[in-house]
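Chemist: Each chain is listed here by its residues.
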Amino acid sequence: MLGTTSRDEKTRIMKRTLCTAGILSAITVQTSCMQIETVEAWDRGYLAEDTMQWETDARSARLKGHVYTSKEASTGGAGAAGGGCGCN
Amino acid sequence: MNPLHSNSAFVRSLTRTLATLPAYQTGAALADAPPAFTEVGVRYSHYSEDDIDASSVIFGATSRYDIDITQLWIEAPVGASWSVALDVQNDYQTGASPWFVGTDQNGQPGVIMSGASIQDNRVEVGVATRYFWADGNAGLNVSHSDEDDYEALSMAFDASWNTAGNTRTWTTSVSNSRDKVNPTQGVIPVFVTNEALDTQSGYFGVSQILSRTAIVRVGLNYTYSDGYLSDPYKLNDQRPQSHERIALSTGYRHFLIDANASVQFDYRYYADSWGVDSHTVELGWAQHFERTTLTPYFRYYSQREADFFQVVADLNEPHFADDYRLSSYGAMTVGARWAINLGDWTLEIEGERYWSDANWGLYDGDPAPALVDFWRGTIAIMWRFD
Amino acid sequence: MGGPATVVITPPSGRSAQTAPLLDKLQSLLRTLERRYSRYLADSLISTINTRAGSGDFTRLDLESETLLEVADQLWHSSGGLFDITSGVLRKAWRFDATHIPVDVSQLASLQDKVGWEKVERTAQGIHLPVKGMEIDLGGLVKEYAADCAVSLLRDHGVTSGLIELAGDVATIGCQPSGAPWQVGIRAPQGGDPLGGIALSSAAAATSGNYARTLRFKGRTYGHLLNPHTGWPVEGPTSVTVIGENCLSAGAVSTIACLQSPQAAMTWLSDAGLPWLMIDREAVCSGPLAAEMGLSLT
Chain A
1 MLGTTSRDEK
11 TRIMKRTLCT
21 AGILSAITVQ
31 TSCMQIETVE
41 AWDRGYLAED
51 TMQWETDARS
61 ARLKGHVYTS
71 KEASTGGAGA
81 AGGGCGCN
Chain B
89 MNPLHSNSAF
99 VRSLTRTLAT
109 LPAYQTGAAL
119 ADAPPAFTEV
129 GVRYSHYSED
139 DIDASSVIFG
149 ATSRYDIDIT
159 QLWIEAPVGA
169 SWSVALDVQN
179 DYQTGASPWF
189 VGTDQNGQPG
199 VIMSGASIQD
209 NRVEVGVATR
219 YFWADGNAGL
229 NVSHSDEDDY
239 EALSMAFDAS
249 WNTAGNTRTW
259 TTSVSNSRDK
269 VNPTQGVIPV
279 FVTNEALDTQ
289 SGYFGVSQIL
299 SRTAIVRVGL
309 NYTYSDGYLS
319 DPYKLNDQRP
329 QSHERIALST
339 GYRHFLIDAN
349 ASVQFDYRYY
359 ADSWGVDSHT
369 VELGWAQHFE
379 RTTLTPYFRY
389 YSQREADFFQ
399 VVADLNEPHF
409 ADDYRLSSYG
419 AMTVGARWAI
429 NLGDWTLEIE
439 GERYWSDANW
449 GLYDGDPAPA
459 LVDFWRGTIA
469 IMWRFD
Chain C
475 MGGPATVVIT
485 PPSGRSAQTA
495 PLLDKLQSLL
505 RTLERRYSRY
515 LADSLISTIN
525 TRAGSGDFTR
535 LDLESETLLE
545 VADQLWHSSG
555 GLFDITSGVL
565 RKAWRFDATH
575 IPVDVSQLAS
585 LQDKVGWEKV
595 ERTAQGIHLP
605 VKGMEIDLGG
615 LVKEYAADCA
625 VSLLRDHGVT
635 SGLIELAGDV
645 ATIGCQPSGA
655 PWQVGIRAPQ
665 GGDPLGGIAL
675 SSAAAATSGN
685 YARTLRFKGR
695 TYGHLLNPHT
705 GWPVEGPTSV
715 TVIGENCLSA
725 GAVSTIACLQ
735 SPQAAMTWLS
745 DAGLPWLMID
755 REAVCSGPLA
765 AEMGLSLT
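Protein chains in written order, with our numbering: chain A, 1 to 88; chain B, 89 to 474; chain C, 475 to 772.
Among the hints, a few may not be true.
Claimed, not checked - Computed, partial: chain C to chain B, Cβ under 10 Å: (1) 537; (2) 541; (3) 548; (4) 607; (5) 619; (6) 722.
What the hints assert, rightly or not - One side of the interface only, derived from the structure: several residues of chain B facing chain A at Cβ under 10 Å: (7) 135; (8) 157; (9) 161; (10) 295; (11) 298; (12) 310; (13) 343; (14) 379; (15) 472.
FYI, nobody ran anything at the bench for these hints, they're computed from the structure. Note that the structure is a prediction, hence the values are computed from the model and not measured. Yeah, the Cβ is synthetic: ideal placement off N, Cα and C, and Gly gets one too.
All chains, please: the whole structure from these sequences, using the hints.
Modeler: Structure (structure tokens):
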């Protein structure tokens, strides 16, 4: 990678990484300041609802992600990229 | 299914009321545990792209891709701390796609479509195992994907653990994929054989419970690919040999007790070393009924074109591509998911419609003539048993 | 709570010396619950609430009582008002401890004014019964709650195999020491040999019924469960047994079943989604448990 990346690209990657780190820090700080109420272990009924999970169904989410990844230029989200395919 | 786990609204709301009393709080509920049942499922999806506008086509058919996707899986607990899963997926794809973009007699860009319809079948098999302990779980996943012109072997490892009295969950994952491209000489002329590419990816994120009805998460994903990254079925496509990508994502879920519904929000910012930037926003409203849940959802997407994208490729540049998927555009999806609980069985029906348009995006750029609209319908049946 | 109790536990390994103190703790737990919720004890919480009926004085509630009343409220909603903890005063018009004494039907009319959960006032200040003479009775719910509390206490002390029975309701922890599930017999309404057995492992079985106390009046046999709307005993199934994760949930389902006609009870029970057994007034057995127990369904 280091050999083939142009100087412009490197600068842009650097700028983007710093920008990302900035956004991430901002979110982290904001999240820590957010009102976090104590929720007892036995009061997690609502949080346990299937519609409150990050993905209602892992396989369904994978399918959706697969469709969008092959039709758009973006990848990634809330997990590491999975297997490859010749999706065109 | 555990016969004592009633799904009736009566028993569920009674359980919720009793949850405030110590007598009904079991320590076991705090520990991470494998699923209590075995699940077998099948999901079938049909994906269909709209015909391309005849006015955008210089030569070739106007019909585009149709894909049938079938997923089969079985996931079962093993002992007290493990689970295993086997997934098989088959994609059957037919249709034509843009071969390259040229200019017509008026100097307007137009698409030359691939000659005739392709027929491609891909099979992917994956095995996964997961280990659970009191404060977290970790999983390993290996999968192999095979089709006439493409083969991929991937491995992924993930782990998550709870802290702060189980109100915070940290997640990390890494994955690796080795792909081999061997384009088939057929309907579309190709000029490469036996290429390979490698992809490594890592993710780190944290999720925090905010209240008894709200949870938020944020995460960062980094992916690096190198090797042959161009599209062999596009005549004018020469992409860099490396590709670095980051995605920053955040999500929020809130349960509205009075409405008996959940609000779902997700946002992702993406940027890569090819000059592409994008924003994705997803909103869903999951409405609970007696035995079913209906979730209408909306997605907005906007991307900026890659540095080397041109509507009509400039072959003098070191890198070039006319692939509409690297152009600037915006897209919207409207869809709904309906899940029906039938005791041990669950039925899910989902449908969505996707429209893309160069004018809907947040970024400027020349519009690609081959932007796609599609619809997707899915039906799934799952069976859970002890 | 006015009923017999049986406790069987296998002491956690290496801690058999702790069995006696553990049983003491259990007894003291049950006594505490009785002191708090019994309507027969003058200084119990329930009696305090009942004495203050019509006075305008609210009674403050702690988390436990508040939750149990919330459960009573949910049961009232889900049963269409048939489960009503204020309906106990109607028994004054009926005599269930003797036969041949006619019911004082004229008394029913005046007692009806004192019945109705919808009339009960519940605010942040607590609970208040607006009509003098109104009474609430948590007896049924507390009995099942007590069994669940007992299970929780035993579990906290490391017991992984045990069974507790309180006046017909059974809650189990784990399996028998041999590894086989606990076998619980379902008694026949008319007495005699048990009808059959059900296997329980970390589950609870609650039985509701109209068989324990009956009354003969004008040639018909009535159980002791009263319909709050009419004031008359319910013409419901003879007995219903439900298995659930805990006694209170199972008991809620079985009690509401017994307040309806056998036909309506069957629909209620199959909707509730828990294993059940119903014995109707003709001694006909139905429900998924009946098949499991090998009972003939005719």
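Chemist: Compare the structure with each hint and give your call.
Modeler: Against the structure, the hints come out as follows:
1. 537: At about 6 Å, which falls below the 10 Å cut-off, the nearest Cβ of chain B leaves the hint on residue 537(C) intact, so it holds.
2. 541: holds, 5 Å
3. 548: For residue 548(C), the interface hint holds, since the closest Cβ of chain B sits about 6 Å away, which is under 10 Å.
4. 607: Because about 29 Å separates residue 607(C) from the closest Cβ in chain B, which is outside the 10 Å limit, the hint is violated.
5. 619: Holds, because the Cβ-Cβ distance from residue 619(C) to chain B comes to roughly 7 Å (cut-off 10 Å).
6. 722: holds, 6 Å
7. 135: holds, 6 Å
8. 157: Holds. Min distance 7 Å.
9. 161: holds, 6 Å
10. 295: With Cβ-Cβ at 7 Å, under 10 Å, it holds.
11. 298: holds, 6 Å
12. 310: holds, 8 Å
13. 343: Check passed: Cβ of residue 343(B) comes within 4 Å of chain A, closer than 10 Å.
14. 379: violated, 13 Å
15. 472: violated, 13 Å
Hints 4, 14, 15 from the list above are not met by this structure, while the remaining hints are.
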